[in-house]
Amino acid sequence: MNDDDHVHWSEDLAAHALGALEPERAAELERHLEDCERCREELLWLTPAAQALPEGVERVEPSPRLRARLMAEVEADAREAHRAAAGGFRQRAAAWLRGSGSGPIGLRPAAGIAALLLVVTVAGLALGGALGGGSDGGGGESTIVAGKPPGVTATMVDEGDGGTLRLANVHQLPDGRVLEAWVLRDGEVEAVRALFVPDHQGQASTQLPPMAGVEEVMVTAEPKGGSETPTGKPLIAISVPG
Amino acid sequence: MTVKREKAERLADEELMPLIGEKDPEAFAVFYDRHGGVAYSLAYRIVGERGAAEDVTQEAFISVWRSGARFDRARGSVRSWMLSIVRNRAIDALRSRAGKAPKLSFDDDAILEQRPAEELTEEEAMRRETATEVRGALGELPGEQAKVIELAYFGGFSQSEISRMLGVPLGTVKGRMRLGLEKIRGELAEGLA
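Here the protein sequences line up with chains A and B, keeping their order. Residues in the first sequence are numbered from 273 upward in steps of one, following the numbering used here. Residues in the second sequence are numbered from 9 upward in steps of one, following the numbering used here.
Just so you know, the hints here were simulated from the structure itself, not pulled from any lab data. In this text, all values refer to a predicted model and were calculated from it rather than measured experimentally. Please note that the accuracy of each hint is not assured.
What the hints assert, rightly or not - Calculated lysine to aspartate or glutamate pairs in the EDC-like style (CA-CA distance at most 16 Å, straight line):
1. B:155 - B:137
2. B:12 - A:347
3. B:12 - B:41
4. B:15 - B:57
5. A:496 - A:447
6. B:12 - A:447
7. B:191 - B:152
8. B:155 - B:100
9. B:191 - A:314
All chains should be built: construct the whole structure from the sequences, respecting the hints.
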């Protein structure tokens, strides 16, 4: 790199900072910058002046309509992303339920929890009638037992405007972990917003939201304080027929 | 995961970017509320029409929403990055509308001045000072230097195009740009001293 070369390119640095170089010329200058420290330093010095130009522009307030349009698009995108994530969770949960899933959902559960892993899949008729609530709109109860005796017992009670999930014979959780329930409704995983832990007798229970449209009820082990989305394999997954 | 509005408001732009990359609408709303005004003002300054300026601003922010994770802090501030996206899209819109001249003038800061001082955060106050310095520096530039800078930055013209428009040698345009930008830079540096 000689001085003449530097001077030649140095003349274009201001135009480059202002975005006023033809694309081919800009590309050549970029290549020169890779080898010329002096030009890089000069450009570094000039760039804030170009970047400050918008700050001097007269302020004109945008219409609130613009914000509303933007947020509508952004929120629709976010819902779609959430739905896709929930779909992935559901597919992986389904694969795991079938015994073909190769890995956990999200974080791998702690080794101490492995003994608790259990899937309860309820046949359509067995639970459908109980959770469907009948003509009076609620009041059904269904108990299922999974695993070899004594096995974990899951009882779901439909109370019309919500429900209760009761578990029995649940192993104790490692320190710092709690149970968190989720429901899968319209393809989206919803947090039940209730955390629970088994008592000394291995019993645990939590409230469920209204069950209309719920396809599955799942329970995962989460860090103390709970999680916004499931971070591990479902310890218990109960299919609820529509 | 969605952060609450209050928490998002306490985060710096650089901290909001990963949340926007994770599709957090609250983080995005805070980001828009911080920079939407200047972004729209820049777009309006370049395209000269409210509707077109709204379209440009919307496209630019959606681009950030969809590519927020690609922000590289080594290349400058988030605000500068955002405004460079707005500027590029506005210039594209301008070029696609043949025959329309950009609005070129630096004047009237009445709207900014009307804002009550107590509403200004420290960061906003610094930006306002920068705005004053930039306007002051541009105002003090010889007319021919201010003109080439405005044509380049707000008009989207290349130095060769400016040379032909003004009927002056290319070397003269380069010199005016350089001198003008150095003076603005010097003004900014004094403000920081």
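Hints, verified against the model:
1. This hinted pair does not check out: residue 155 (chain B) and residue 137 (chain B) have alpha carbons roughly 23 Å apart, beyond 16 Å.
2. Distance restraint check for residue 12 (chain B) and residue 347 (chain A): the Cα-Cα separation of roughly 15 Å lies within the 16 Å cut-off, and the hinted pair is therefore satisfied.
3. The suggested pairing of residue 12 (chain B) with residue 41 (chain B) holds, with an alpha-carbon distance near 15 Å, which does not exceed 16 Å.
4. Between residue 15 (chain B) and residue 57 (chain B), the direct Cα distance comes to roughly 35 Å. Violation of the 16 Å bound is thereby established for this hinted pair.
5. For a cut-off of 16 Å, the pair hint linking residue 496 (chain A) to residue 447 (chain A) stands: about 9 Å separates their Cα positions.
6. With a C-alpha separation of about 28 Å, the suggested pairing of residue 12 (chain B) with residue 447 (chain A) is violated against the 16 Å cut-off.
7. Of the pairs offered as hints, the one joining residue 191 (chain B) and residue 152 (chain B) holds, with about 13 Å between alpha carbons and a cut-off of 16 Å not exceeded.
8. Under the criterion of a C-alpha separation no larger than 16 Å, the hint pairing residue 155 (chain B) with residue 100 (chain B) is inconsistent with the structure, at around 21 Å.
9. Distance check on the hinted pair: residue 191 (chain B) and residue 314 (chain A) sit about 14 Å apart at the alpha-carbon level, within 16 Å; holds.
Violation of the numbered hints given earlier is confined to hints 1, 4, 6, 8; the remaining hints are satisfied by the structure.
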